Amino acid sequence: MSAKEKLSFYTEEESQKAELRAAIQAVKTDLKNKKDKPKVKRPRNAYMIYYNIKKDELLRDNTPIESGTMNEEIGRTWKNMSNAEKSPFRLEANRLKTEYDKKYPDLKYQPWLKRQQNLNQDSAEEQIEHSLEDDSREDAISSSTEADSERSDTQSSSTPPIYLLECSFSNLGIDDDEP
Numbered sequence: 001m002s003a004k005e006k007l008s009f010y011t012e013e014e015s016q017k018a019e020l021r022a023a024i025q026a027v028k029t030d031l032k033n034k035k036d037k038p039k040v041k042r043p044r045n046a047y048m049i050y051y052n053i054k055k056d057e058l059l060r061d062n063t064p065i066e067s068g069t070m071n072e073e074i075g076r077t078w079k080n081m082s083n084a085e086k087s088p089f090r091l092e093a094n095r096l097k098t099e100y101d102k103k104y105p106d107l108k109y110q111p112w113l114k115r116q117q118n119l120n121q122d123s124a125e126e127q128i129e130h131s132l133e134d135d136s137r138e139d140a141i142s143s144s145t146e147a148d149s150e151r152s153d154t155q156s157s158s159t160p161p162i163y164l165l166e167c168s169f170s171n172l173g174i175d176d177d178e179p
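Residues 1 to 179 (the UniProt record's numbering) are what the sequence shown spells out, left to right.
The set of hints was computed from the structure by calculation and includes no laboratory data.
None of the hints are false.
In silico DSSO-like cross-links for lysine-lysine, where the CA-CA straight-line distance does not exceed 30 Å:
1. K41 with K55
2. K41 with K103
3. K32 with K17
4. K79 with K97
5. K28 with K41
6. K17 with K28
7. K55 with K39
8. K103 with K86
9. K102 with K54
10. K108 with K97
11. K86 with K108
12. K103 with K55
13. K39 with K103
Note that the coordinates shown come from a computational prediction; the quantities given were computed from them, not determined experimentally.
Produce the entire structure from the sequences given, and follow the hints as far as they go.
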């Protein structure tokens, strides 16, 4: 190929590289803007208020305790507490909740959803196909369990069911007769 013919490929490559750089820069600025937005934390519930107080007490006492053990102990004591003992923590949690609602009246907590697969235009058809496949699997499973129950009726209860499958090595080029 001559240098003149190669030139068109080089210019096309350069334009594609420029487009790629612009796209990467756009993604980076979007990510930066997302990171810059402050996230509002939800108010603590009664247990979290109790947990923080107890954790601070245990750490202040310089008690050598592993975090897992500490968490279990705090959770156990919370669970064994009476409602009267929990009431101050619940009152504080309610106070924090009302303060949060006043400060952010339009903000509503929405838990993170698991990422769903991107459904294309044929998604409805695919869903129907999957549901039909699931139905056929359920039918097969129910028919096999019915057959299992019929077999188990004929066998003694102490003998486990035995299922035999036909197997042949002829299609693999292995003779059944050879040791």
